[in-house]
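Protein chains in written order, with this note's numbering: chain A, 940 to 1439; chain B, 20 to 360.
Since the hints were made in silico from the structure, they are not lab data.
C-beta: ideal position from N, C-alpha, C; glycine also.
Any given hint could be a false lead.
Which stretches of chain B does chain A cover? Using the computed rule of at least three CB atoms under 8 Å from a CB of chain A, they are [to be verified]:
#, stretch
1, 220–228
2, 237–243
Using 25 Å as the maximum straight-line C-alpha spacing, the simulated DSS-like pairs for lysine-lysine come out as follows [said to hold, decoys possible]:
#, chain 1, residue 1, chain 2, residue 2
3, A, Lys1121, A, Lys1097
4, B, Lys353, A, Lys1244
5, A, Lys1311, A, Lys1287
6, A, Lys1244, A, Lys1287
7, A, Lys1311, A, Lys1385
8, B, Lys238, A, Lys1326
9, B, Lys282, A, Lys1287
10, B, Lys238, A, Lys1097
11, A, Lys1254, A, Lys1287
12, A, Lys1244, A, Lys1201
13, A, Lys1317, A, Lys1372
14, A, Lys1254, A, Lys1201
15, A, Lys1317, B, Lys353
16, A, Lys1244, A, Lys1254
17, A, Lys1121, A, Lys1059
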Amino acid sequence: MDLVTVNGLSKRYGGIVALSEATFSARAGEVHALLGENGAGKSTFIQILSGAVQHDGGSILVDGQDYRPANPDAAQVRGIAAVFQELSLIPDLSVEQNIWFRHEPRTLLRTVNRAEMRRKTLALLEKYNFPVLRPDQELRRLTLAERQIVEIAKGLAKDPRILILDEATSALPAREAEWLLKLTRQLAAEGRLVIFISHRMAEVRAIADRLTIFRNGSTIAVHEANAVSDNEIVTQMIGRHLDRLYPERIATATDRIALSVKNFSSGSRLSGVDFALREGEVLGVGGLQGHGQRELFQALFGASKASGTIELWGKPVSIANPRQALIGKDGIALVPEDRRGQGLLLTKSVRENLTLSVIRRFTENGLLSRQKEAALVKEMVDFLRIKAGTPEQLAGTLSGGNQQKVIFGKMLLTQARVLLLYDPTRGVDVGTKGEIFQLMRDLAAKGYAILFHSSDMPELVHVADRVLVMRNGGVAATLEGDRISEAGILRAAMLESEAA
Amino acid sequence: MAIAEQPVEMAQRPAEMKSAKPGIDWRGRLLDRAPFLVACLMLALIVAIYGSLQSGVFSLDELNLDTAAALTLMLAATGQTIVLVRGGIDLSIGGMISLGTVIAATRFTDDPSTTALWALAILALGFLIGALNGLLISLLKLQPFLVTLATWSILNGVAMIILPTDGGSVPGWWVSFGYAQLFGLTSPVWMLLALLLFWWWFRATLVGITIQATGSNEKSAFLSGVSITRVNVITYGLSGLFAAGAALFLTTQTGAGSPTIGKDYILPSVAAAVIGGVSLFGGRGHLAGTLIGAFVLTLIGNLVFVLHVSSYWQPVASGVILLLSVLASSVAEKAARGRVQ
Ligand SMILES: Nc1ncnc2c1ncn2[C@@H]1O[C@H](COP(=O)(O)OP(=O)(O)OP(=O)(O)O)[C@@H](O)[C@H]1O
Ligand SMILES: [Mg+2]
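So that you can see chain B by itself, here it is in the shape it has in the complex (with noise of 0.2 Å):
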């Protein structure tokens, strides 16, 4: 034991590496948010052509109104962030959402209690069936496409049988709950707001970050010491309780229930994220970006209306907004790499 016997020389510190340069990485910073920008940048061109040919655009009953457009793909799409950051994809929203109103519209009843007790159970069937998936994804080791896939057809199929075509209806204090007002908002406004500030607060606890890490390097997360399969469970576990909330909301809205409508929200919700800087590969997105992509969707359909064009044109409009959206990332992430080498 010679060497341990000599006396200990402390750790010098070595110099400096080269590339850590002290001050804040300011370029770099920009070009990491680049794809939110420029989903900031669509927006507000949209609103003010929008707001060119309409008038009264600028005013709180236009946003009261858009939000309530918007808001249940926002709920939607809260769910598939998670996902997306996880490194994953949900396709069997479309089906919760589906079950979601048309077990509302056949179950709620004007005693509040009753109807009540079925929403937290919806809340609760969206929580366990989207744990199921996560546990089928882990246990099974298959791809999260494929398993959602599976579920949403068997969602879509009970949601049929249980109501064959759209119809049923909740009751009318149910629907005014989409319309309560509060200090000049209504309520999904306030929903809105909540949901960023629920964000905000998640994605800083232990759970968001570490559903971000394992989108981010899933075998690293391991190695530190993540349940992958516990991950898994609660990323798709919150983007059914998501979609089931969409469907309570969604239901505000229509009054009734729609065994088919949950589809109209598999695809958009991915490109609400997308085109709000989302990265499909995991590990990066933010919901702030996802619900301005929601706000972009949906207004694009407002701006149709209002050219009074065919509204055919309203999803070619989507599908050139979300190429151009994929596009500025691209061309931020290479500019990114470019400076890392």
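Here chain A stands alone, though its shape is the one from the complex (with noise of 0.2 Å):
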């Protein structure tokens, strides 16, 4: 019998329809994926499930008895954890209190039981193989990928008999990344079902036993994960084919030197690193994660301090904070690994986090023009295809992929020409990934240079002109042409012969 039937789901949002009756229905001791472009409503179903939102219209079957959990509690009363896209982490609180939050082991006296809590920590963390964690760190001081770790483990603490994990595994690096698809079938030999959602096709083929797609809210197929193609889901979930995920690599870079950078260091991160980006450039930044690649994008952008030299188009520059680095045409423009909490303000508009930056492009005789604003947020809404009810709609509001949409969106609107992408594409669906791969390509095409990470490797080898491989906070190896593979990558990233 099926452990959850859904039926008619529907889940408005003011004039926005989240849901229009989606079916769904799952058996215990499978892995269900859950797939949709950006804003199909997988985030809306899972939050519906594990009672974060009521839905509107439809029913729920969970062991054929009827569901509508009225807040979280109430769906883990009846075995639902859910491992949220966007967390459900307490900053202020360790590792331990976060895991076991409002379910601590108490002592006589009605407080945690510190000793307890440990022990069931490290005996968790042992029983599923958990990457090292320290149960005592503050949450805040952790990666985002460390703290997906942490959500992951406070769903399973739990004990649920379904887990949902919402694109639990794209903040994760490659070997975790693996970790987890592992304990996910795990999980499901262990009897549980686990809806698993990612935009990463790989995943879905490496461990689903079936696959349920959205669009628009309704459920567009259910198959059997053996019995269906590639292409077949990619067409379903995007309503039209896909030629190709990756452009055609056209070199377009020119002589010119767009951003020079040499004996770049910070502290034990970034050790001397020298590297030139040339104009109409995708240069790729590659490596284990872990090895400078993240600090080399703050650093580079002013969110961070560091020494060397950096030259923007030919002039030494000294970028301080992220306001230097934004300043006009010979700007540095960045987008962040961590959206929600970096890049952009959620309880803004999509039309403010858009322009907010640039707000002096719409000014003319020290008024806002709101005509020229407009046109501008239109063109930019409808060139990547943020799906938002109204420019007006919050940013908060937006699903996971969208965001990170919107975020594309204002650093284009900077009109800086060096552009740093730390990841761009996390969360965004296969359609989309295509047309800001394509989109990338068109810039460096019109004389923009961009540096590329990725924590995805086949879009560094498929998309980058040269790829810098890192190791221990230096470059270790620059890869062209023929040398740009995953294998090529991986060896310039583990082995000391090929440091360059």
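Got two chains here, separate frames each, mind docking them using the hints?
Below, the structure is given as structure tokens:
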């Protein structure tokens, strides 16, 4: 019998239809993938299942019994736990306090039994072979990837019968992502149902037994995983045929150096990075996660301190803060990793997010030209196909992938021609991914210079003209032409002999 | 179901992630506590100056006296600290303190049981009014600042209606509560210790952790199953309860009621907390810091007195100290953040 059966599920937010008559069913012991474009309603669906929001219409049956959780507690009582796309962690609590939040073992005085909590934490981490985490560390000191892992531990701590993973791999480095995939299979083998949401087809392929495809809030198709091709899935997801994910790589780099970085160092995280990014070039930055890629991007944008020299379009510059990085057409713009933390003002509208840092462009004689602003905003929303009810929708209420698109648009509007893209396709659906890659190539052809990091190695291999492989905070190798391959990047990232 | 039928591979532990260094992060812990340590340093400095100008500062008598002078503020600031950790602010405590003193000064009699009942009623009223604040904030989705500003005004008005000018009285045996001694320490010092004990217990309970978590990130707390309305009701309820307690203690010191005295505790209660390292953005802070902050603010008064300068210097000095504390915590915050990225 099916563990979960959903019929005619509907949910509206004001005028925005997030789900309309969606259906779904899944059994215990399977990994069930949920696929769909950005804004298709996947997160809304799991928020309803996990009690975070309530549906307007339709029915959910769990174990054949009516199920309508009023809050996340009610969902937990029925054995349903979610690993939320936006995470549900408390910055000021420690890792273990987060994992057991509201389910802490207690003493006679009704206080938290710390010793017992530590023991349970270690047992949990051990049981599922979690990557090393320090239980007493405060959450706000962790990287995004580490937080994601804590969120997974928090979900498992409830020993749920149904575990929902909403883009849980998107923030993880390759090895941790692989661990999670195996863990997912292990959980299914224990008889649990895992509902798995991801925009990475390879992952879905590797672990899903069945898959359900959403489009525009409705269920389009349900497949046995081994009875359907990638092409069919993508076509059903985006409603049209996608010819190719990666654009043709036409070399457009000129001899002009857009960004030259020499002896760039920052504490122990960056040591003597040298490279030159040319006009019209897409320069990839790869290597194992945590070898200085993040610090390089942050420091170049002026968000953290570093020593060394930077030249922009041949002129030496010093960038002490992001404001200085953004100045004018000769500036640098960044798409950051943590979009909710750094990139977006969640309580501001899509329009405001797009134009806030470039407000001067719409000002004439000290007056704001609303028409000019509206025209540019519309252009950007159409261009990136941002799925928002109106430009006034709050950024925090957009789906994850659409938030990423807003950040991208915001960066494009700054007119800076040196772009730092840190994982710009994280959480973005396949169709849009293809568009973003095409966009990157188009921008390069127009003379933009792009520094591009991706946690998904094939993206680097297929999109970048050259790839810098980072190791221990320095550039271990620069790969060009035929030498750009996943194997080549990994070899350079791990072997000392490849050092350049 | 081809995949499911394959033997399940157990998840292998991935290689250690880079930033998970072993050992205790001493520097991080130090930076976290920097505002509190700065407050301790300030207190030490003030006590040292005070001690060099006045004899007998380092005695039990002085401790008893200063604690009595600071305890009303400490009680009010305890409630305020809970609210600040929740990420809110409570201005209504000013009204509650005034109201509490005038009720006591007009209703307390020589009969202990009547007085005890009224004292309990004042405490209950404090909790209920606070709870109402919390309910309004949740249901009307209004800023705590606005809601508690309004209730402050209302409570103030009610206090004026009950007792238009300072006056009334409380029985002598009630006043003597404020001076009772045990092992050489007066009741205010014991209450101070009780407050610390309360906090030590409270912040490790489910309610305490939930309040802190909600102040740290409300959305995450909600997704974890917290009822935000309930948290607000309890948080502001406790604040009202402590304000009522402050009022009762205050009457042991003044022996009378005052419909205006409460406003003297509103901003100082926030200042004491901030000096002690409680974050105005919620999620962070401890009562120990607040109590140190309350001592700092109280002793500034003493210092101004023994320096024989105009008493108007007291607010000036308090303001400077507040700025210094805020500066210290922001420097520490920046240093801590610089390390994380
Ligand atoms: N609180 C809200 N207010 C208004 N609209 C909302 C709200 N939450 C979600 N939506 C809208 O509902 C739609 C579905 O969003 P949802 O987050 O479920 O998409 P998704 O499938 O998870 O997309 P992604 O792959 O980008 O994460 C989107 O158009 C989004 O803008
Ligand atoms: Mg989503």
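Do the hints match the structure? See the list:
Judged by the Cβ-Cβ criterion of 8 Å, the stretch 220–228 of chain B is covered by chain A as claimed, because 5 of its residues qualify and three suffice. Requiring three or more residues with a Cβ within less than 8 Å of a Cβ of chain A, the coverage given for the stretch 237–243 of chain B holds, as 6 such residues are present. For the suggested pair lysine 1121 (chain A) and lysine 1097 (chain A), the alpha carbons sit about 19 Å apart, so the restraint of at most 25 Å is met. In summary, the hint linking lysine 353 (chain B) to lysine 1244 (chain A) is supported, as the alpha carbons are separated by about 12 Å, within the 25 Å threshold.
Of the pairs offered as hints, the one joining lysine 1311 (chain A) and lysine 1287 (chain A) holds, with about 19 Å between alpha carbons and a cut-off of 25 Å not exceeded. A C-alpha spacing of about 29 Å is found between lysine 1244 (chain A) and lysine 1287 (chain A), which places the hinted pair above 25 Å, so the restraint is violated. Only pairs whose Cα atoms come within 25 Å are accepted, and lysine 1311 (chain A) paired with lysine 1385 (chain A) is accepted, the gap being roughly 23 Å. In summary, the hint linking lysine 238 (chain B) to lysine 1326 (chain A) is supported, as the alpha carbons are separated by about 23 Å, within the 25 Å threshold.
For the proposed pair lysine 282 (chain B) and lysine 1287 (chain A), the alpha carbon gap of about 36 Å is over 25 Å, so the pair is violated. Distance hint between lysine 238 (chain B) and lysine 1097 (chain A) is fulfilled; the C-alpha atoms sit about 20 Å from each other, no more than 25 Å. Of the pairs offered as hints, the one joining lysine 1254 (chain A) and lysine 1287 (chain A) is violated, with about 36 Å between alpha carbons and a cut-off of 25 Å exceeded. Note on lysine 1244 (chain A) and lysine 1201 (chain A): the hinted pairing holds, with a Cα-Cα distance of about 15 Å set against a maximum of 25 Å.
Taking the CA atoms of lysine 1317 (chain A) and lysine 1372 (chain A), the gap is near 21 Å; set against the 25 Å cutoff, the hint holds. For the suggested pair lysine 1254 (chain A) and lysine 1201 (chain A), the alpha carbons sit about 13 Å apart, so the restraint of at most 25 Å is met. Pair hint lysine 1317 (chain A) plus lysine 353 (chain B) does not hold up; C-alpha atoms about 38 Å apart against a cutoff of 25 Å. At roughly 20 Å between alpha-carbon atoms, lysine 1244 (chain A) and lysine 1254 (chain A) fall within 25 Å of each other, so this suggested pair holds.
For the hint linking lysine 1121 (chain A) to lysine 1059 (chain A), the alpha-carbon distance of about 22 Å falls within 25 Å, and the restraint holds.
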